[in-house]
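Note that the protein sequences, when read in sequence, are chains A, B and C.
Here the first sequence stands for residues 1 to 92, numbered as in UniProt numbering.
Here the second sequence stands for residues 1 to 981, numbered as in UniProt numbering.
Here the third sequence stands for residues 1 to 187, numbered as in UniProt numbering.
Just so you know, the hints here were simulated from the structure itself, not pulled from any lab data.
Since we're looking at a predicted model, the values are computed, not measured.
Built from N, CA and C at the ideal position, the CB exists for glycine as well.
Among the hints, a few may not be true.
[What the hints assert, rightly or not] If we take Cβ atoms under 7 Å as the criterion, some of the chain B residues that face chain C in the derived model are:
id, residue
1, Y163
2, Q656
3, P658
4, N811
5, I972
6, G976
7, R980
[What the hints assert, rightly or not] List of simulated lysine-lysine pairs, DSBU-like, C-alpha gap at most 30 Å:
id, chain 1, residue 1, chain 2, residue 2
8, B, K344, B, K359
9, B, K679, C, K57
10, A, K90, C, K57
11, B, K868, A, K90
12, B, K867, A, K90
13, B, K676, C, K57
[Stated by the list, open to error] Reference excerpt, derived from the structure (chain C facing chain A, CB under 7 Å, subset only):
id, residue
14, P55
15, G56
16, R126
17, N129
18, A132
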Amino acid sequence: MLIPHPLLGLRDAQEFTYLGDANMMARPDPTGPDAEAAFCDYVFLRDNPAGVHRELWFHEQGDRSWLVVTRNTVTHEILSAELATDVARKDA
Amino acid sequence: MSRIQGGLIDRSRKLSFTFNGKPYQGCAGDTLASALLANGVQLIGRSFKYHRPRGVFSAGSEEPNALVELSGGARQEPNTRATGIELYDGLQANSQNHIGSLSHDLLALNDLFSPFFAAGFYYKTFMWPRAFWEKLYEPAIRRAAGLGALSMLPDPDSYDRGYLHPDLLVIGGGAAGLMAALTAGRAGAQVVLADEDFMLGGRLLAEDTAIADLPGAAWAKEVTTELQSLPNVRLMTRTTVFGAYDHGIYGAVERVSDHIADPGASVRQTLWRITAKRTILATGATERHIPFENNDRPGIMLSGAMRAYANRWAVTPQAKAGDPIAIFTNNDDGHRTALALAAKGVALHGVIDTRAGAKSLGDYETFAGATITGSKGRKGLKSIRIAQAGRSEWIDCGALGVAGGWNPNVHLASHHRGRPVWDADKLTFVPDADSLPGLHIAGAAAGQGTTAEALADGARAAMAALSEIGLSAAPADIPRAGEEPTGIEAFWHVPGKGRAWVDFQNDVTVKDIKLAHQENMRPVEHLKRWTTLGMATDQGKTANVTALAVMAELTGKTIPETGTTIFRPPYTPVSLGVLGGGDSGANFRPHRLTPTHAWAESQGAVFVEVGQWMRAQWFPQPDEIHWRESVDREAKAVRDAVGVCDVTTLGKIDVQGPDAAEFLNRIYANMMGTVKPGKVRYGLMLREDGHAYDDGTCACLAEGHYVVTTTTANAGLVYQRMEFARQCLWPDLDVTLISTTDAWAQLAVAGPKSRELLSRIVDDFDMSNDAFPFMSCSELTVCGGLRARLFRISFSGELAYEIAVPARYGNALMERLIEVGQDLGVTPYGTEALGVLRIEKGHAAGNELNGQTTANMLGMQRMVSLKKDSIGAVMSRREGLIGDKRRLVGFVPVDATQPVVAGSHLITQGDPVDMEHDQGWITSACYSPHLGSAIGLGYLENGDQRFDEEVIAANPLEGVSVRLRVVSPHFIDPEGERLRD
Amino acid sequence: MTELKPITALGAVAPRVLETVRYSLRENDGVAFASLVLPADRPAPAVFGIDLPEPGKYAQGDAGKSAFWTARHQWMIEGASLAETDFAAALKAELPEGRVSEQTDGWITFDIFGTKPEAITALLERIVNLPAATLDPGCATRTSFEHMSAYFVRRSDTHLSVIGMRTLAGSLWHALETVIRRLDVDG
């Protein structure tokens with residue numbers, strides 16, 4: 001696969017390592033009333049859709065950036081790739 | 001050698017080769033198959049199951065029969081297609097899959113017992129008695145099955161790899177591919193044209209079609225010359241594109257020196273990973289045959305192949321030149337072979353055409369509405385039976401060409417599950433134009449089978465592909481070419497009682513398909529598994545569609561209703577050597593060497609691989625025979641005097657920024673942000689699920705500037721997780737992470753005399769306990785001005801330091817420490833002694849931090865700060881984790897002569913040794929030279945309250961149980977006075 | 001100056017050199033490295049006369065100093081023949097607001113000179129899975145090569161620097177030498 005790095009252009013997926021569901025970025029509030037239950041969901045439960053999926057890739061052999069890649073898991077079509085930092089700031 | 005006129009071989013360059021030890025001669029430009037045919041060799045191999053005699057069936061990579069073993073000692077390669085092997089001087093080939101000689105194969109007996117080997121026989125025959133399976137059936141099947149053999153020697157060849165990124169990849173160098181490459185090449189696009197043959201031209205080389213008033217082969221040569229002159233076009237012959245992958249990535253193997261007897265320093269093959277913006281699939285088509293009784297004899301081949309041998313290689317496939325040839329066809333293309341042979345003066349019986357209205361296209365006889373219903377000739381075709389109008393007649397025949405229509409080579413287009421669609425007019429599957437993003441299909445591969453169609457389609461595809469990527473090409477001037485006749489009427493197999501082969505390689509007959517139908521194995525996927533149709537090296541290239549048609553006939557459905565046949569990579573077999581590529585042996589994978597590696601080598605150190613690292617395991621002295629002697633000596637030297645160990649492998653991460661302290665607090669379970677400049681703190685990292693992950697130290701070099709160390713094994717992963725936390729979880733913290741593991745050589749200097757030793761190399765630095773107490777750090781200079789970092793930390797439990805200098809000086813620093821510390825008894829120690837020392841001290845390491853352990857179990861529950869959030873903090877308080885009563889404790893054998901074995905399970909005395917009574921396990925064990933007995937660390941239920949109790953360490957694997965006494969995990973200095981001294 | 005004698009990344013007193021028909025491969029132990037990170041909210045200033053380069057790029061400055069982009073807001077600053085100096089301190093002095101990490105011995109430079117630009121292009125095809133334009137002169141990028149991570153800096157059409165982790169120097173040299181010797185044979 002080729003991943004469209006927002007700064008470096010198309011790069012081969014061999015340069016990246018895969019983490020999984022981008023929901024890993026949505027770390028629960030540790031002080032919330034149901035923090036433990038929220039963390040259990042966060043740590044153990046993932047969606048695994050056949051279709052469009054937002055996922056985290058680490059550009060390990062490149063600039064060491066984490067990317068949020070939106071990918072169709074059926075066709076492997078990549079719809080977008082953003083720097084995770086930018087996504088995290090936007091969501092914050 | 002017997003040749004007819006013409007051909008593209010170089011008759012002046014004779015090449016010598018052997019087949020089954022017998023010497024023959026061929027010409028430059030021959031394949032092994034054409035050279036064997038030129039020498040009248042019809043019998044080339046034995047079929048897989050029935051060991052039927054087989055000859056050349058095709059002229060390309062679809063070959064199911066003529067598989068040979070290429071010899072050459074360690075280079076021996078089985079199952080290579082004689083039809084694809086470029087002849088070279090000195091080639092040695094052997095037939096395979098027979099016991100005894102090729103002509104008297106003992107396993108030919110199988111053919112007589114063929115009723116027992118019908119479809120599904122594997123599943124039916126070997127079910128009982130059960131005990132026979134391992135001892136009898138499997139070994140016998142394994143001996144009989146499989147085709148060629150490996151040399152069992154290491155591969156002497158080297159392989160290379162490479163990467164190409166063209167605008168346009170053209171796969172196939174026939175009429176369509178050449179026209180596409182020419183159109184794109186002239187437009188200035190970066191073009192790669194790959195073809196598996198050693199000459200470009202594809203089918204043009206096998207035909208007598210004229211293009212622009214030139215013979216097709218001559219036109220191909222002219223185009224090749226122009227393409228070679230274009231700097232933006234790269235022609236890759238002998239290159240098979242074997243697989244299509246995501247996003248325009250294709251895998252290709254270039255056979256760099258397979259056609260050279262002695263490759264010298266050259267690599268054998270190169271694996272190319274081609275990332276193309278657009279791709280044109282111009283892979284042509286493969287001919288089908290028409291099954292009839294005993295249609296598998298040597299001398300029977302595809303009609304198009306027969307034409308190729310005549311036109312390109314000037315050979316015909318009879319055993320005796322001059323024996324007449326016949327053609328069996330359901331379409332016009334069969335007649336083209338008759339025309340080509342007639343033009344070269346080859347004796348012809350004529351064309352047996354299944355179509356009632358068939359007519360001759362030239363000066364030869366045509367049997368309209370006729371079929372072939374049998375053949376004779378055990379090791380080569382002797383005669384055929386022609387049936388026409390209810391009568392049948394045997395006639396002598398030296399060779400038979402069979403023409404059943406052409407199947408586009410859709411393989412690569414279906415690698416991503418692209419399903420070909422049935423074209424009822426052409427009676428063939430054509431690829432779906434949208435089967436793969438970025439792929440354009442042209443020429444015969446798209447069902448555009450005439451030369452004129454292929455040329456136009458190649459040019460069209462190139463223009464379409466380029467326009468998609470913003471390049472424009474001038475409309476190509478399409479050269480004039482003939483429109484070959486393409487009439488065809490469906491005729492899939494000749495009905496009859498005898499065996500009619502559909503898949504030659506796997507010995508699957510029409511009967512087997514009938515049996516599969518009868519047993520309800522009707523979907524194509526089931527048909528394949530039940531009959532083995534389409535398996536093995538040819539993957540059914542000449543069989544699948546015909547089999548589908550036979551099944552359709554049996555089910556009364558149409559062919560598209562019955563199913564489609566799609567393919568997986570690779571298109572043709574790829575050697576594992578080229579996929580593995582790169583280096584083997586010592587250079588199989590990269591090695592990281594520590595800065596003191598050269599010195600350690602000079603000391604005769606024994607090295608151990610730790611991940612990528614090569615670390616000194618121990619330093620044997622001349623009088624030491626057993627490794628334990630060396631390790632005991634080194635460990636004792638640390639306890640009694642001073643030792644030096646290279647610990648550069650520990651990960652080092654530079655952490656800077658105004659929010660660095662807050663960031664560290666969130667990364668570590670314990671309070672880390674409060675560590676002051678000049679101080680070091682031990683830290684524990686948890687996983688977000690609450691389990692212990694990694695431990696290390698954090699040194700504060702200056703306000704907002706820290707150096708974090710990780711374990712050797714987790715260095716990369718911890719860095720990655722820290723970047724995850726920084727970028728994905730807390731992007732608003734202003735902090736920077738830089739990995740600096742390699743920049744600094746770090747040496748542990750440990751033992752009661754370590755201060756004395758180090759004081760001899762530091763420049764003007766107060767080493768006293770007051771000035772530089774336990775858990776201090778400082779930047780300083782050593783050895784006359786060399787910048788260094790000094791940390792007072794201890795893994796061994798002794799007074800100890802770690803000193804870091806720029807890596808290039810690590811080796812010299814080690815030498816210097818050994819030199820100036822001779823009177824102190826300074827001793828280098830390796831990882832084994834390091835392990836002994838940390839077990840004696842009760843320090844957790846990888847064995848203890850195995851991903852299933854908690855801070856509680858490590859006795860570090862208080863390190864998980866309640867005053868702040870950190871990764872894993874919430875989950876570490878889960879009931880299941882907090883309630884875990886296993887604790888890290890120490891063990892000594894009750895009988896001091898007994899060993900402690902890591903991995904042993906702990907059982908309370910008197911309890912049965914089973915999983916229900918499992919109380920924990922031994923994580924680490926060693927011989928402690930300090931205590932004079934074996935010792936161990938391990939997790940034990942309520943272990944911290946069971947000191948002095950005796951438990952059983954059960955090792956059922958070796959049938960051994962040892963009684964151990966539970967003790968504190970700190971075998972050395974439990975109060976921690978030595979390291980603070 | 002310390003009395004200790006350094007060794008090169010390949011473990012010798014003098015840097016290793018390989019000369020073949022089409023290539024020259026040279027261990028360059030003299031380059032000082034320091035990584036520089038600048039706060040995100042300010043435009044990057046020039047340092048040592050270098051206009052800090054954009055992603056994927058390399059730029060030269062005064063007196064053998066140069067820089068290549070390594071990550072967002074992050075660069076590797078190089079000082080030719082300055083490996084024996086405290087280059088990180090010099091950089092910090094030049095740019096006090098920058099975050100500087102000493103990297104001199106974290107990395108080792110292998111300079112490859114081709115007799116012609118095509119020699120470098122041919123080499124790149126064998127060692128990096130990147131389109132040629134990614135490593136045109138003036139470009140620099142990090143990628144993997146033979147299971148190792150390295151920076152590739154195209155300093156001119158005939159000069160490529162491969163900058164790898166120092167502890168991997170031996171494996172990196174071996175891999176480069178293998179490719180270079182093969183290209184001499186197979187072209």
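Original post:
Is the interface hint for G56/C satisfied, with its Cβ closer than 7 Å to some Cβ of chain A?
Top reply: Since the shortest Cβ distance to chain A is 6 Å, the answer is holds.
Original post:
Are R126/C and chain A close enough, Cβ to Cβ, to be under 7 Å, as the hint says?
Top reply: 15 Å, violated
Subject >> Interface hint outcome for Y163/B [beta carbon to chain C under 7 Å] >> reply: 4 Å, holds
Original post:
Are the Cα atoms of K867/B and K90/A separated by 30 Å or less?
Top reply: Holds - the C-alpha atoms of K90/A and K867/B are around 29 Å apart, at most 30 Å.
Original post:
Any CB of chain C closer than 7 Å to the CB of G976/B?
Top reply: Violated, because the Cβ-Cβ distance from G976/B to chain C comes to roughly 33 Å (cut-off 7 Å).
Original post:
Is the hinted pair K676/B and K57/C satisfied, with a Cα-Cα distance of at most 30 Å?
Top reply: Violated, at roughly 39 Å.
**OP:** Quickly compare the C-alpha distance for K90/A and K57/C to 30 Å and report which way the hint goes.
**Re:** 28 Å, holds
Subject >> Given pair status - K90/A, K868/B, alpha carbons within 30 Å >> reply: Holds: K868/B and K90/A sit about 25 Å apart, inside 30 Å.
Subject >> Evaluation of the interface hint that places P55/C against chain A, nearest CB under 7 Å >> reply: OK, holds: P55/C within 7 Å of chain A, min 4 Å.
**OP:** Assess, step by step, whether the Cα of K679/B is no farther than 30 Å from the Cα of K57/C, and give holds or violated.
**Re:** The given pair, whose Cα atoms are some 39 Å apart, is violated under the 30 Å limit.
Original post:
With a cut-off of 7 Å, does the beta carbon of I972/B approach a beta carbon of chain C closely enough for the hint to hold?
Top reply: Given a least distance of 32 Å, the restraint on I972/B is violated.
Subject >> Interface hint compliance - R980/B to chain C, C-beta minimum distance less than 7 Å >> reply: 31 Å, violated
Against the hints set out earlier in the document, violations occur for numbers 3, 5, 6, 7, 9, 13, 16, 18.
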